[in-house]
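Student: Here is how the chains run, residue by residue.
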Amino acid sequence: RKEVEQDPGPFNVPEGATVAFNCTYSNSASQSFFWYRQDCRKEPKLLMSVYSSGNEDGRFTAQLNRASQYISLLIRDSKLSDSATYLCVVVDRGSTLGRLYFGRGTQLTVWP
Amino acid sequence: EPEVTQTPSHQVTQMGQEVILRCVPISNHLYFYWYRQILGQKVEFLVSFYNNEISEKSEIFDDQFSVERPDGSNFTLKIRSTKLEDSAMYFCASSEVEGQPQHFGDGTRLSIL
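Respectively, the protein sequence lines represent chains A and B.
Using my numbering, the letters of the first sequence map in sequence onto residues 18 to 129.
Using my numbering, the letters of the second sequence map in sequence onto residues 89 to 201.
Hints are computed from structural coordinates only; laboratory data are not their basis.
Treat the hints with care, since some could be wrong.
To be verified - Chain A is faced by these chain B residues, among others (derived, beta-carbon under 10 Å):
1) Phe120
2) Val131
3) Gln152
4) Phe153
5) Pro189
6) Arg197
In this text, a Cβ means the ideal position worked out from N, Cα and C, and glycines have one as well.
Looking at chain B on its own, in the form it has when it is part of the complex (with noise of 0.2 Å):
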């Protein structure tokens, strides 16, 4: 069954420092999204992504954050200037058809120190 594959499976980084997250989505799907999850807490949106362009963003999805669909496969979050509260799971997500289930990919945990 085809996933979607996320790197790196854990970054650990320096509160301040860029992060960048990979995903790669399902290969014949065209809706993208980015979820977190803060440990013990519930999966929130961030932000979802179509035609290479933003279409929702949440009110965590403030200007520090960025997304980008670089070539035909990768779909990546950046965090500019990383804070101790964007410590959290991020899940990458893709559709086929929109309104359709979403499939996760299995995270990058994201560590911030």
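The shape of chain A in the complex, shown without the other chains (with noise of 0.2 Å):
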């Protein structure tokens, strides 16, 4: 059973682009949606939660399709500094106390 799904990779985009990963979860009593990111043998930080009507931090674009069940992140003007791993993150309204399920992440590489 595959929880979260997301395209693996590699983004390849050039400083400045704008870039849009993809998500799509299989329970649809999912209940809190997140996008973390990992840098390479590091720890997943917290990039932005995702609400239903949708949210945007500086950049960083979340939307979220509960009828889809369908997770997107939207990075405009990309930075060298975005380069890493995107995890799409879920929690399941039966969860006790938010068990998360991670996607395999996406990853992106901006080149000067």
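Make the complex out of the two chains shown on their own, each in a separate frame, by following the hints.
Tutor: Rendered as structure tokens:
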């Protein structure tokens, strides 16, 4: 059972480009959604929560489509420092303490 | 910014030996978690812990695994008899409020020989 699926990439884009990542989840009862980023051999770090109405944080925009069970992340004006693996993360409604289900991640490389 | 800290950063152990991985969660956090990531694979949930007891555990968290909060600050993961397939990065996480984003430590790389 694959709870969270992502396009693994890699995405290789020049500085200043706009790039979008997609994610689908299998459990319609999922209740919370996040994007984390993970640098090579480092811990996952919260990038942003994803709300039903969509939300923006600077150059990052997240969208949620519950009907299609689909989450997206848009990065505008890419920076070299955006190079990382982006993890789509879901919490199921039935989870007692918010067990996180991770996708395998989408790798992004931003080149000068 | 407060951090989750983990020790050691790297642990090398012979197969069959016991290991204890240590974590100090953020001080006002009440919900604690362990995850692992085998090299090249996704991050996987092991166990959640609240009010001195396990709340939920995955199928990975079998009888060889145990968790403990021995004092007011530490949160430990013990693997009783390690196997080669236990080699992975182990992440501790904590959150202040149930359902809120979890903050991860920088991990312990466990290598089983």
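Student: Indicate, hint by hint, whether the structure satisfies it.
Tutor: Hints and how they fare:
A cut of 10 Å between beta carbons decides the hint on Phe120/B: the least distance to chain A is about 9 Å, and the hint holds. Hint status for Val131/B: holds, given a least beta-carbon distance of 4 Å to chain A, under 10 Å. With a least beta-carbon distance of about 20 Å to chain A, the hint placing Gln152/B at the interface is violated under the 10 Å criterion. Given the 10 Å rule on beta carbons, the hint for Phe153/B is violated: about 15 Å separates it from the nearest Cβ of chain A.
Interface restraint check for Pro189/B: the shortest CB-CB distance to chain A comes to about 5 Å, inside 10 Å, so the restraint holds. Using the Cβ-Cβ criterion of 10 Å, the hint placing Arg197/B at the interface with chain A is satisfied: the shortest such distance is roughly 8 Å.
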